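Q: What follows is the residue order along each chain.
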Amino acid sequence: MQTVDLRGVTCPTNFVMAKLELEDIEAGTTVEFLLDDGEPVKNVPRSLKDEGHKLLGLHEREGYYVLTLEKGEE
Amino acid sequence: MAEQKIDLRNLKAGGFIKERGKDLFTVRLRVPGGRMSVDRLSKIAAVAQKYGKGYVHLSVRQSIELININFADFDAVVAELGEEQQKVASCGARVRVPTACGGCEYNPNGLVDTQKSALEVDQKLFGTATGHHKFKVCFAGCPFDCPKSAINDVGFQGAVWPKLDADGCISCGLCAKSCTEGALSMGADNKPVFDATKCIYCGDCIKVCPTGAWSAEKKGYTVRIGGKWGRRPLVGTLYATFVPEERVVDFISAVLGWYQEKAEGAGRVRLGDIIIREGWQSLLERLRSEFPEYVVQETIAPQVIQTQLPLPGQQA
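Here the protein sequences line up with chains A and B, keeping their order. For the record, in the first sequence the residue sitting at position 68 is 504 according to this note's numbering, with numbers rising by one throughout. For the record, in the second sequence the residue sitting at position 129 is 854 according to this note's numbering, with numbers rising by one throughout.
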């Protein structure tokens, strides 16, 4: 599974980077995003959900979050 | 009788404000909720260029004010603004143009369509004479309250009551983490536990929920009454919760009716000071008779903000 590390990237750049990564991935593929605690973990999952992707899980790992997502249809 | 140079009906609702210079006025435009089409903005710019000083003023209450307009040009200014349906606002002891935040159509925080409410109140209540003093209404879409609803005579704040679909919850804990009011915590089963007494209806849990397990059970407006700013500021207090959007005009009308009646003979006094004089119970009971399902059990008087503390050596 592809992992995209967005730690250290602030809003909304992290969301835009996530979008760009997803452009090169086929629909139905599962991807993992690493997100900082605070604003990034509050904003990025919600924004990606609004874009039509399916959120599979979100859990904390040693001070940051791992978001698992399945790319939605275009 | 001298020949009448201008149509005095244009002046009836106010909105033409005397400036320092001879014959010069500020023309305050009616911009409910601060939303303005670009076509209208272009027309205003053209009128300001033709008749004004070369600049406009953006007022605190979201109006555009044309500066340095000669009173002899009033009719032409009104007619040319009318080509883009732009109207002139009011001043004096009337219901003013309502203010509002950008609203929920494009702002991700917005819970309620404040722009729609502001337009409706503007259409139905704008310019209503209070008989006493100005009367300001404001719509904020969420508890962030960017437009500062509680310093208006009647302030509306978007509110949402959350409900959880436990099956849709993936136990990520984001809602409990995001709830700055301490109304949510994670329970022993790793699902959120809701403490309704601490909730301020901001909907952060719904917004942050990655799966949509949190959703809106009901939406409406939290209503605070009796605020104002100026020389002696007051912050309005809570009278009702979850007032539906379609009851807003009726609610304001009821407050206005109480004010018109209770301020009789008091002169130029704002609603908040009348509430302090009459007691909040009187207004609360009046509203309860019409809106029993939304009015709170009890409230407190408008809160006085001391901005004029006596200096050392002065006695209060």
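No lab work stands behind these hints, which were simulated from the structure alone. Small disclaimer: the values here were computed from a predicted structure and weren't measured. Glycine residues also receive a C-beta, built at the ideal position from the N, C-alpha and C atoms. Some hints here could point you the wrong way.
Computed, partial: chain B to chain A, Cβ under 7 Å [claimed, not checked]:
hint, residue
1, Ile742
2, Ile895
3, Cys897
4, Gly907
5, Asn915
6, Ser940
Q: The structure should be examined with respect to each hint, and the outcome stated for every one.
A: Outcome of the hint check:
1. The beta carbon of B/Ile742 comes no nearer than 42 Å to any beta carbon in chain A, farther than 7 Å, and the hint placing it at the interface is violated.
2. For B/Ile895, the suggested interface contact is upheld, since its CB lies about 6 Å from the closest CB of chain A, less than 7 Å.
3. Proximity of B/Cys897 to chain A holds as hinted, the smallest CB-CB distance being about 4 Å (cut-off 7 Å).
4. At a threshold of 7 Å, the smallest CB-CB gap from B/Gly907 to chain A is about 17 Å, leaving the interface hint violated.
5. Hint on B/Asn915 is violated. Least Cβ distance to chain A is approximately 11 Å, over the 7 Å limit.
6. Taking 7 Å as the C-beta contact cut-off toward chain A, the hint placing B/Ser940 at the interface is violated, the least distance being around 13 Å.
In summary, the numbered hints that this structure violates are 1, 4, 5 and 6.
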